[in-house]
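My request is simple: use the sequences and hints to build the entire structure.
Listed below, chain by chain, are the residues.
Number of protein chains: 2
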Amino acid sequence: MTALVNQQIVLASRPAGEATVDNFRLQTSTVDPDALADGQVLVRIHYLSLDPYMRGRMNEGRSYAQPQPLGEVMIGGTAGEVIASRNPNFAVGDQVVGMGGWQQYQLVERHQRGVLQKVDTTHVPLSAYLGAVGMPGVTAWVGLHTIVEPKAGETVVVSAASGAVGSVVGQLAKARGCRAVGIAGGPEKCAYVTGALGFDACIDYKAHGDLKSLARALKEACPDGIDGYFENVGGVILDAVMLRMNAFGRIAMCGMISGYDGQPIPMANPALILVSRLKVQGFIVSERMDLWPAALKELGGMVASGRLKYRETIAHGLENAPEAFLGLLKGRNFGKQLVKLV
Amino acid sequence: MTALVNQQIVLASRPAGEATVDNFRLQTSTVDPDALADGQVLVRIHYLSLDPYMRGRMNEGRSYAQPQPLGEVMIGGTAGEVIASRNPNFAVGDQVVGMGGWQQYQLVERHQRGVLQKVDTTHVPLSAYLGAVGMPGVTAWVGLHTIVEPKAGETVVVSAASGAVGSVVGQLAKARGCRAVGIAGGPEKCAYVTGALGFDACIDYKAHGDLKSLARALKEACPDGIDGYFENVGGVILDAVMLRMNAFGRIAMCGMISGYDGQPIPMANPALILVSRLKVQGFIVSERMDLWPAALKELGGMVASGRLKYRETIAHGLENAPEAFLGLLKGRNFGKQLVKLV
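Residue numbers (this note's numbering), protein chains in the order written: chain A, 4 to 345; chain B, 4 to 345.
Only true hints are included.
Here are a few chain A residues that face chain B, going by a calculated C-beta distance under 7 Å:
{"id": "1", "residue": "269"}
{"id": "2", "residue": "270"}
{"id": "3", "residue": "272"}
{"id": "4", "residue": "274"}
{"id": "5", "residue": "280"}
{"id": "6", "residue": "283"}
Residues of chain A clear of chain B, computed beta-carbon distances all greater than 10 Å:
{"id": "7", "residue": "29"}
{"id": "8", "residue": "197"}
{"id": "9", "residue": "299"}
Hints are computed from structural coordinates only; laboratory data are not their basis.
Small disclaimer: the values here were computed from a predicted structure and weren't measured.
Cβ coordinates follow ideal geometry from the N, Cα and C atoms, glycine included.
Put into structure tokens, the structure is as follows:
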């Protein structure tokens, strides 16, 4: 083989308010599979994972993660195949997941231990390792187990319920004997949440223009109140859920996508935390690496046996990644948003 | 003895906005110490405890406690002496604490087990059982132990730091090897907090008119950030503290006095719960009765040995209870607010 052209997307500028395609730039580099240094592995990326957290990293300033550096390849999870290796742990043809970023080829150095994980695609498709059996699935598992801690018979609500994280939250809650109620945008997503995913109810937030209306819908969908809430969205949805939380309810703060674009969105009535003796806790899945093996084992088993359903929205070609990402931020995706490169 | 006149204060009306003396009404009833039924105990109340939670109960509508019923004696903690008894568990002269309410005499029925607790005033003054060695002290202990869980070397901040709860929070945090930082209103209270109480620093919130100024003062007083926060106040103070919380910080929500009078006060930036992976949790001390014995043992020992300091503001005469209570809501008290009846 001769040197390969490696298309890459870098962060060109930071968004002022809403992110746009102009914040990204396509560039090319080259990589020569025949000229690997000792210990290097070259991966051809088949799928990019697009995730809401990436929007947070596009901003400068304090967040839990380092900001995405300007002019560098957008960071992100990837799944692909080893096409060249001078590392005894990886062979050509191995299916792997890693943090390859928004590019066609990922060159892994010898010292980057743990960056690449071999995966078994016999019973679980490669792309699922970026969704239900990957970071989003583990996020659902960790938030549910360490913060929401649902008991059988309790009611668990999750926002962005048709998404990569939310869909797993509800299905895991159902598997633990809970009433699972989703919140999603539009009748099609809601039908999927209660149909294919088996949630007990789903509220279309787009059909409810204000706090009161949303709170009323939650009351109807959750006749026994809400014991656990898995928050992916923030804003008025959080306010409405808080009004319906039972005493000693638990709220796992996983995402606040509604506030990424501008000024912080306040919580309307924090005194409810006291009145209802709530626990509201933020978490980041990458800080609970100790739980990943148990989570992946359960999630992989459930996907392999067909008990854990998921859906993917797939964009094609690296050049379409920015557009697909912006669509994700607006909820235009349906399930896990991927970009297929091969 | 003949029948005694029992002055009582009842809730006459619910506040519309700020509470006023007109919300209360003085009335009298009689009680005959010579005509007790079998099992009854009659207590002469020496001290009423005035506490911020009472303001919440004056409102109608959903809260963690039943609203104070209109036309009935204001509920509240009391300390006094048994003056007549037909109950083998209590003798005339016993010093007792209970929930006698805003009145001069408390008649306890035989079936009201656990309502009266005998206390030992050899080393601990009777009034302290309404403060540092009573509900406020246990509130500090429970919030600190079950939610803030401070480790030696960490920084713990508490609002209303010179008050009955806050003063104990900081002294317990110090005893556990933490840096204790108070927030209080005015230079006199702050001097007391750092002087007599031994906190490491105290911020006068009245000297800081906005969020930025308050956050700057917190940065100065907490050079290593804030690991634990004990919230008695809410509003802008909570917002400022949240800006300075370290990753994995814990916030115990004990009181939100700033929002009792009217519309809920929002939390400016709840996304910080996610960004800093905070745990924000509300609690009510009466729901952790299992912890009272251990808490009272430690607090009683510390008061008896002089290691736990406290201060009292004492109003005299039942008729002055409403005025004293309204002063407490405005922070005019200094330390534990009591009404002395005898």
